[in-house]
Amino acid sequence: GQQVMQIPQYQHVQEGEDFTTYCNSSTTLSNIQWYKQRPGGHPVFLIQLVKSGEVKKQKRLTFQFGEAKKNSSLHITATQTTDVGTYFCGYNTNAGKSTFGDGTTLTVKP
Amino acid sequence: DTAVSQTPKYLVTQMGNDKSIKCEQNLGHDTMYWYKQDSKKFLKIMFSYNNKELIINETVPNRFSPKSPDKAHLNLHINSLELGDSAVYFCASSQTLSTDTQYFGPGTRLTVL
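Those protein sequence lines, which keep their order, are chains A and B. Mapping of the first sequence onto this note's numbering: residues 26 to 135, in sequence order. Mapping of the second sequence onto this note's numbering: residues 25 to 137, in sequence order.
If you are wondering where the hints come from, they were derived from the structure by calculation, not from laboratory data. Mixed in with the good hints there might be a few duds.
Said to hold, decoys possible - Calculated cross-link-like contacts (lysine to aspartate or glutamate; reagent style EDC-like; alpha-carbon spacing at most 20 Å):
{"hint": "1", "chain 1": "B", "residue 1": "K68", "chain 2": "A", "residue 2": "E79"}
{"hint": "2", "chain 1": "A", "residue 1": "K122", "chain 2": "B", "residue 2": "D124"}
{"hint": "3", "chain 1": "B", "residue 1": "K64", "chain 2": "A", "residue 2": "E42"}
{"hint": "4", "chain 1": "B", "residue 1": "K33", "chain 2": "B", "residue 2": "D124"}
{"hint": "5", "chain 1": "A", "residue 1": "K122", "chain 2": "B", "residue 2": "E106"}
{"hint": "6", "chain 1": "A", "residue 1": "K82", "chain 2": "B", "residue 2": "D124"}
To be verified - Reference listing, derived: stretches of chain A covered by chain B, where coverage requires no fewer than 3 residues with Cβ under 8 Å from a Cβ of chain B:
{"hint": "7", "region": "35-47"}
{"hint": "8", "region": "90-103"}
As the list claims (entries may be wrong) - Using C-beta positions, here's what the derived DEER-type ranges look like:
{"hint": "9", "chain 1": "B", "residue 1": "N50", "chain 2": "A", "residue 2": "K81", "range": "36 to 42 Å"}
{"hint": "10", "chain 1": "B", "residue 1": "K91", "chain 2": "A", "residue 2": "P33", "range": "28 to 34 Å"}
{"hint": "11", "chain 1": "B", "residue 1": "E82", "chain 2": "A", "residue 2": "R85", "range": "21 to 27 Å"}
{"hint": "12", "chain 1": "B", "residue 1": "T31", "chain 2": "A", "residue 2": "P33", "range": "32 to 38 Å"}
{"hint": "13", "chain 1": "A", "residue 1": "Q34", "chain 2": "B", "residue 2": "E82", "range": "19 to 25 Å"}
{"hint": "14", "chain 1": "B", "residue 1": "F66", "chain 2": "A", "residue 2": "V109", "range": "14 to 20 Å"}
{"hint": "15", "chain 1": "B", "residue 1": "S89", "chain 2": "A", "residue 2": "K76", "range": "38 to 44 Å"}
{"hint": "16", "chain 1": "B", "residue 1": "L51", "chain 2": "A", "residue 2": "V109", "range": "34 to 40 Å"}
{"hint": "17", "chain 1": "A", "residue 1": "H100", "chain 2": "B", "residue 2": "L137", "range": "39 to 45 Å"}
{"hint": "18", "chain 1": "A", "residue 1": "V69", "chain 2": "B", "residue 2": "N75", "range": "21 to 27 Å"}
{"hint": "19", "chain 1": "B", "residue 1": "N86", "chain 2": "A", "residue 2": "E40", "range": "45 to 51 Å"}
The beta carbon of each residue, even a glycine, is placed where N, CA and C say it ideally should be.
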């Protein structure tokens, strides 16, 4: 079935640096979602993208969906220690199946 | 008020035992899920239920048996526990099958000794 590959698996940054995680699929996706999981916590929904080329912003977070709807990215500007966690991309089918990427774990050094 | 709750939060047990994890959502959602997250944090869907009916069984061993007594509850029973079952199990819900936002429970950390 479809899979989404997420890179990098780990990213260590100094506070204030930018961070980007990428999600790639070999096939066209109808939608993509992003979730954040804090250490010891549970995944929390951040955003959903459905349109080709869509860009959405949430404060310092910028989400993009590629023109071909095969890739997506999450960019964080000027990271803060509160940004630490694992970021997952994923997609749903109408049949109730969800597939997630393997996640990118971000650590931020103060 | 907790939207999706799971009990217990921690479960430590011996190989071969049978255990259950309970999940409840008070969001009025139709669809519920069970996920397994291993030590590498890979998040894999196990089951999805819609209005108490099984929709997806993602090649999970039949030692795992979900049960949905009503659409607000989805419990997971595991027979003959194995070392490889050690993981964090998350319950989640969404408004409908085609609604994409999922709300996750706090997770149950299962350790099999």
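How the hints compare with the structure:
For the hint pairing B/K68 with A/E79, the CA-to-CA distance comes to about 27 Å; that exceeds 20 Å, so the pair is violated. A hinted pair counts as satisfied when its Cα atoms are at most 20 Å apart, and A/K122 with B/D124 qualifies at roughly 10 Å. Simply put, B/K64 and A/E42 have alpha-carbon atoms about 25 Å apart, too far for the 20 Å limit, and the pair is violated. Annotation: proposed proximity of B/K33 to B/D124 is violated, straight-line Cα distance about 26 Å (limit 20 Å).
With a C-alpha separation of about 26 Å, the suggested pairing of A/K122 with B/E106 is violated against the 20 Å cut-off. About 19 Å separates the Cα atoms of A/K82 and B/D124, which keeps this hinted pair within 20 Å; it holds. Restraint check on the region 35-47 of chain A versus chain B: 0 residues with Cβ-Cβ distances below 8 Å, three needed, restraint violated. With 0 residues having a Cβ less than 8 Å from any Cβ of chain B, the region 90-103 of chain A misses the three-residue criterion, and the hint is violated.
The given range of 36 to 42 Å is broken by B/N50 and A/K81, whose C-beta atoms sit roughly 29 Å from each other. For the pair B/K91 and A/P33, the supplied restraint of 28 to 34 Å is violated, since their beta-carbon distance comes to about 39 Å. At about 35 Å, the beta-carbon gap between B/E82 and A/R85 misses the expected band of 21 to 27 Å. A C-beta distance of roughly 36 Å is found between B/T31 and A/P33, which places it inside the suggested range of 32 to 38 Å.
For the pair A/Q34 and B/E82, the supplied restraint of 19 to 25 Å holds, since their beta-carbon distance comes to about 22 Å. Here the CB-CB span from B/F66 to A/V109 is close to 19 Å, well matched to the stated 14 to 20 Å. A hinted range of 38 to 44 Å for the beta carbons of B/S89 and A/K76 is consistent with their spacing of about 40 Å. At about 28 Å, the beta-carbon gap between B/L51 and A/V109 misses the expected band of 34 to 40 Å.
The hinted window of 39 to 45 Å between A/H100 and B/L137 holds, with their beta carbons roughly 43 Å apart. For A/V69 and B/N75, the hinted distance range of 21 to 27 Å is satisfied, since their beta carbons lie about 25 Å from each other. Taking the beta carbon of each, B/N86 and A/E40 are about 48 Å apart, inside 45 to 51 Å as hinted.
Hint check: violations occur at hints 1, 3, 4, 5, 7, 8, 9, 10, 11 and 16; the rest are consistent with the structure.
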